[in-house]
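Take the given structure of chain A and dock chain B to it, following the hints.
Chains A and B supply the protein sequences, listed in that same order. Under the working numbering, the first residue of the first sequence carries the number 497, and numbering increases by one thereafter. Under the working numbering, the first residue of the second sequence carries the number 17, and numbering increases by one thereafter.
Among these hints, one or two may not hold up.
What the hints assert, rightly or not - Not everything, but these chain B residues come out facing chain A in the computed CB check (under 10 Å): (1) Gln144; (2) Gly199; (3) Glu203; (4) Ala213; (5) Gly214; (6) Gly280; (7) Ala321.
If you're looking for bench data, these hints aren't it; they were derived computationally from the structure. A virtual CB, placed ideally from N, CA and C, is assigned to each residue, including glycine.
What follows is each chain in one-letter form.
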Amino acid sequence: MTRHSDPTQVQLTADGRLKHFLTTEGLSKDLLTEILDLADSFISTQERAVKKVPLLRGKTVVNLFFENSTRTRSTFELAAKRLSADILNLDIARSATSKGETLMDTLWNLEAMYSDMFVVRHADSGAAHFIAEQVTPGVAIINAGDGRHAHPTQAMLDMLTIRRHKGTLEGQTVAIVGDILHSRVARSQIHALHTLGAKEIRVIGPATLVPKEMEELGAKIYFDMEQGLAGVDVVIMLRLQKERMSDALLPSEGEYFKLYGLTEAKLALAKPDAIVMHPGPINRGVEIDSAVADGDQSVILNQVSYGIAVRMAVMAMAMSGQAAEQAAQKNESQETTGDDA
Amino acid sequence: MSTFTITRAQLMDPSQGLNELSDIIIEDGVISKISKAGSTEPSSHQFDAQNTLLLPGLIDLSCHINSIVSETRAAARGGVSLLCTQPNSKPIVDTPADVSSIQQASDQANNSQILPLGALTQGLEGDQLANMVSLKQAGCIALSNARAPIKNALVLRRIMEYAKTHDILIMLTAEDHDLSANGKMHEGPTANRLGLAGIAEVAETTALAQQILLVELTGCRVHFSQISCARSVEMIKAAQDKGLPISADVAIANLLYSDCDVNGFDSTFHVQPPLRSEQDRKALLAGINDGILAICSNHQARDIAAKKAPFAAAEPGMSTLDSWLSMMLTLVAKGELELNSMINACSILPAKILGLEAGLKEQQQANLVIVDQAADVCFGADDLASIGKNNPVLGEPLKGKVCLTLSYGCEVFRA
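Just chain A, same shape as in the assembly (with noise of 0.2 Å):
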C-alpha cells in the first residue's frame, strides 16, 4: 500500500523547486511570485509575432481530461504548442475508463509512450496527487481540476489578473461570489490569496453553498451579499451549475440571481475602482447581469488571456524543476558508485 505524503509537498523538489502543480495551498510567497513574474514576462512574448519559446521543444505532453472541459483543455494546449512541447489530446471521459480500464492501467499504458508531462483533470479530488505519486520518476503532473479540491491554475491566472490591474495582492479586500462549497477554484484562490498577503477574504452566498469551515481557511463568511461586498477592491463571481437547483440546494436561478447575482447596483457598493472576475464561462442573468460582465470593471477577457501565460509558466518551471531533480539524482547515484569503486 502506497502511504501518501502530504499534497502540499509532494509537488516539490528536496530543495524546494516546484516540480508537479497540485494546489496553490503550502507553497511559498516567493514560488507563487515566481509563478507571476515568469507569466508576466510570458505575456509580453505572446503580443509578439512569433509566439513561441523553445523552453519545452523536444518533450511530451499529454492533456489527459477525464472531465470534459474545452476552454481549460484548449489554453493548456496553446501554451504547450508556445512551449515548443509536442501534445497529445486525450479525451478520456469518452473513451478508455468508460470502458472499464482503471485509471492506474490507463496511467501505465501512457507511460510506456514516454511522455514528460501530464496536465490532469479528474473528477475525483485529490486524483492529480494520486497521479503525482504513482508516475515514474521525472514526469510532471499538472492539476487542471481535480473535484472540489484544487484547480490552481486556474487560481494563479486570477492571482495575476489582480496584480495586473492593482500592482499588487498586498492589502487587497477580495469577495468570492457563489457556489464556494463545489469549487475548486474558489479553494485554490482562498489559499493563494492568503499567501500572497490579500488582507481580507470574503466568501458570500447562501449556507447550502457555503461551509461553515471556511473561515479555517482564513475566509470571513457572508451570507448577505450588500455587507459582503461593501468596500472590496476585487469581485470574483463563480459559476452556478443548474444541478444545484435539482439537488435542492436552491429554490430557482430567479431568487438566487436576486440574492446574489451580481448588477451594478451592487457593484456599486464595492470600491469604485474594484475588479469583476469570472473563471468563466459565465451564465448571464443567473450570476452576473449581462452589464456588469461587459462592463468598465469587468477584467474576464483579460483573464482568459493571462489563462495561457500562467499555464507556460507553470509548465516551464515545473519540467526544469523535474530535470534539476533527475540530475541531482543522478549526481548522487554516481557519487555512491564512486564510492563503492
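Okay, now just chain B, sitting in the frame of chain A:
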C-alpha cells in the same frame, strides 16, 4: 484425554476481578482448573507464559470476510478466539444453506472460529424480511443488514417486532443514507480543505435517534455496530440508563485515527463509518473506558487495485484483524485506553452481548489469548495473514505481541 497446561501466566479477567499469576489446565478443550502459579505438576504438553498476560480470547463483533481460510488465520494471529462475520459476503448470508457452508469452511480452516451473522433482509435489500427464525436455527448468533440501508422506518419496526417475538439479537448500523449520500469522509475542516464530500454527524445521530425510539416501542434487543460520533455515545448511554436493551461497539479504526489522517488523500483511511474528529475519537475512548462500548475490528480486506485509486474512488474498508490486539495495546501503552476496559470491550462485553460465557472460568471452553504486552512489534505486509494489505499500521511501531491463541480449546496460533 488431551491435557494442556499453561504456567505462570498473569491472568486478567476484569469480569471476576482477577489479576494474578496463575496456572491453567485445559482438558479436551475445556478449562478444568485455574490455580495459583507453581501449584501445577509439570506436564508434557505445557506452555510457559512467564512475563505475559493471559486474557479471555477476543470476540470480534463485526468483520467482513470473503476468504475464510486466510482471514480466520489473520484473526488467530490477532488474538481473536471467535469472530462474527457480517452477512455482506459473497454470497450474501440470507439462507440456512449459506450459514452452514460458512460453518463448514470455518471448521475446516481450523483457525479462529466464525459465529456467522445472518442477513436481516433478503439479499440485504432492506425491504423483505429474511427467514430470520430459520437463520437463527441454522446457527446465526445474531442478524444484521451490514451497512446496507433498511428501506424505511416501517420495515425497521417490523424487523424489531419479529425479532422480539423470537428473541433474536439484531445488529444495526446507524446511518441515514440520504444524509450520507455521496459522502466520502467526516464532514469537517479536513473534508472542506480536501474538497471531499462530507458525511455529517447527523447522518449517524438522526438514524440512531429513530432506532432508539423504535427499540423503546418494540422492546427488541438491539446492538448498534460501529458508532462513530461523540453524540452517539451520549445517546447510547442515555438509552441504557433508561433501561433499554441496547448495546454498541466502535471500530478500532475510529479509536486510533481521526479525520486529520485523511490529509494526504491516503485511501487506507477511507472507511465506513468515516473517521471522525479528534473530539469524537476521545469521546469514543471515554465510552470504552466507562464500560459502555465494545470494540470491533470491522476488518475488511481489500485487494491492492481496490485501494489504488483516488481517495473517493477507492473502496472503503481497513484490514485490521492481524494487528487488532496490538493496535489496542498500543492505545493502552499511550495511556488512552485502560487495560481492564480494553479486555472488557473486546471480550467480556461482546460475550455478554452475544449471550456467550464471558471471561475465564473453570468448566468453560478454552477461548483465550496469551500476549506479551510490553513487546515492540512492527508489521510488514508479508507478516499479515490477511489477503488485505490495506492496514494502516504497516511499518509503524506498535506494542503487544500475540504469543498463543486458543479457539474452543484448539491452538489456532502460536508465535
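| Does the structure break any of the earlier hints, and which numbers would those be? | 1 and 2
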